[in-house]
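Let the hints inform the model, and build the full structure from the sequences given.
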Amino acid sequence: MPIQCGSVIRRATGAGDSGAYRKAVSQVEAVNVEISVVLGRSSLPMQQLLRMGRGAVIPLDARENDEVWILANNHPVARGEIQIQDDKIAITVTRAADVYDYMAGAKNT
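Its first residue numbered 387, the sequence shown is counted upward by one per residue in the numbering used here.
Keep in mind the hints are simulated off the structure, nothing from the lab.
Treat the hints with caution; some may be incorrect.
Stated by the list, open to error - Restricting the straight-line Cα-Cα distance to at most 20 Å, the calculated cross-link-like pairs of lysine to aspartate or glutamate (DMTMM-like) are:
1) Lys474 to Glu453
2) Lys474 to Glu420
3) Lys474 to Asp452
4) Lys474 to Asp447
Spelled out as C-alpha cells, the structure:
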C-alpha cells in the first residue's frame, strides 16, 4: 500500500520541472518513518497502575483475531494481521486505516 504523494510534490515543485520533481521525490523517499503497532487499548485507574509489578496482566479491548493498527509517526496508516516469520512477529497489511475508527477506539477506552 504505497502512499501516493507524487501529485503533491508536482504541485509544490512545478509539474514542468522534472529535475526538481525527481529531487523532491528522492528527498521524501529518504525520510525514515517510525512504524509502531497497536495491539489493543485499556484504561486503568492510576492507583491500579501504580500497584502493578512483575507479572501483572493488563487486559486489552482486542480479541485474538482482531486486526491491529499500524502507525507511522503515531498516525494511523493501515490495519494488519499478526504473523510469525522465522520466530519473529511480523504484520501483514490488510487495508488502509480509517482515522475516524482509530479515534473512536481511543475515546472508548
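Now for the hints, and whether the structure bears them out:
1. Lys474 to Glu453: Status holds; Cα separation ~18 Å.
2. Lys474 to Glu420: holds, 19 Å
3. Lys474 to Asp452: Holds: Lys474 and Asp452 sit about 19 Å apart, inside 20 Å.
4. Lys474 to Asp447: violated, 24 Å
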